[in-house]
Every structure is written in structure tokens, then in C-alpha cells.
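Start counting the sequence shown at 1; every next residue gets the next number (the UniProt record's numbering).
I should point out that these hints are in silico values taken from the structure, not numbers from a laboratory.
For each residue, glycine too, the CB sits at the ideal point set by N, CA and C.
It is possible that some hints are incorrect.
Simulated DEER-style distance windows between Cβ atoms [what the hints assert, rightly or not]: (1) Pro53 with Tyr94: 22 to 30 Å; (2) Trp106 with Gly126: 14 to 22 Å; (3) Arg50 with Asp211: 17 to 25 Å; (4) Gly81 with Asp46: 37 to 45 Å; (5) Gly81 with Glu223: 41 to 49 Å; (6) Lys26 with Tyr226: 14 to 22 Å; (7) Ser166 with Pro225: 16 to 24 Å.
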Amino acid sequence: MAAPIALITGSARRIGARIAETLHRKGCRVVIHYHRSEQEARQLVDAFNRERPASAACLAADLRDPVAVRDLAVRARDAFGGLDVLINNASSFYPTPLGQASDDDWDTLMHSNLRAPFLLSQQLAGDLEAAGGAIVNIVDVYAEKPLAGHPLYCMAKAGLAMMTKSLARELGPAVRVNGVSPGAILWPEQGQENQQDILDATALGRAGDPDDIAATVAWLALEAPYITGQILAVDGGRSLSFPGG
């Protein structure tokens, strides 16, 4: 059988790159999406293709632009002639206190975290149905219990959580749709100042590793045939108590 084809958004670096590496190691052909991280994306693709020729490609798109998102879906489909797995990983994260949140903040956080995953799922649903494929959305523990000062981000991720469940019903039985909610894995590059408080509230008392997320995503995408509409917290038990953020 042909190797499964996976599109992973925001996968040039950080957790997205680890997801791409894990799926590639499991035999997938991968389409790396990036916005600004062209050098990292091309280096990753080159490494994958040296390991297994014609097994990786990279595509640029600004996920805040709906036209660019729909075009990304077309180009991702064309890269290897179809699609089996969609991983909606790309995300924007920064504080937006109520009195300071702007229209641009709304557009950036809602469009990258919620609208783009919806549009990609919509555009690629036919390919995923034909393949009997899967969608995995990277949600957040803050989709359920809000982080202070981040209402727009939390609202967007809460929408993504409901989208995961809604699309599981819409696209079943052909396509499975699940989500992963990371806890403390890699600290964001801005907007997370209470790191020790978060670790203190985690049952395992430590941060996780990107491999924890990547392995869970790969399992849901490739190896969980009777699981759909679920959001799995990979958070070291933080959601057991979860004080305010």
C-alpha cells in the first residue's frame, strides 16, 4: 500500500516539527506547512528526503488569510496526489487583556487557531473521506479552563475543541476526528510568565516532552480505529486540579 500522506500545519519547528518527524518515521509522506520559517522547513524536508526520497514537501501560507488557506489545501493535495491525515497544529498565542484586545488580535488568534483548521478540514474532507483518513487538532488545556489575560486565545481553542467533536459527527464514519490538549510541554515564545506555578500544579511535577505530543498525535492519526470525537489531555495530570492561570 502507498505510504499515507499527512499535512501538518506549523511544522517547520517546535512541536509541529516533532510531529512531522514522528509521522515520517512511521512511514508517512509529509507536507510541512510554514509561514515565516522557510529555512527550518526546507532543512527538515531535505533531511526527510535524504532518508527516504520523495517523501516530504513544504508549502508556505499565512493562515490568517482564508484565500491562502484554501490554496494551501489545494497545493497540499497536489503535492503527493491526495491526503490521508490532516494535523491542525499551527497556533498563535499571546495575551489579550479585555481592555487591550484589538480587531487585529481577534483576526490573528481566531483565524490561525480556529478558522484555518475549519477551512482546511472543509477543503480536504473529500480526500480524507476517500482515504478513510483522520484529522487531529492540537487544542489546549485552556480550552476548558481559561488562562487569565488570554480571552481570545482561550475562546479560539474552545471553538477548536467543539469543532473537533462536531466534525467527528459530520465526517463519520469515513473520517475520524480527534484532538490533543498539551499541558506544559514547550513554553511559548511569549505570553507565559507563570511557568513554575504551572509545574507545581501538575500531578507529575514536571514539564513534558514534544515526543509526548507527537506520539499521541501519531497514535490517534494512524492507530486508533475506534476513537473519534475525543480530546486527549497530555498534561502530566495538570487538569486534575488546574488552578487559575
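Item to complete: Against the structure, test the hints numbered earlier, and report the numbers of the ones violated in rising order.
Response: 1, 2, 4, 5
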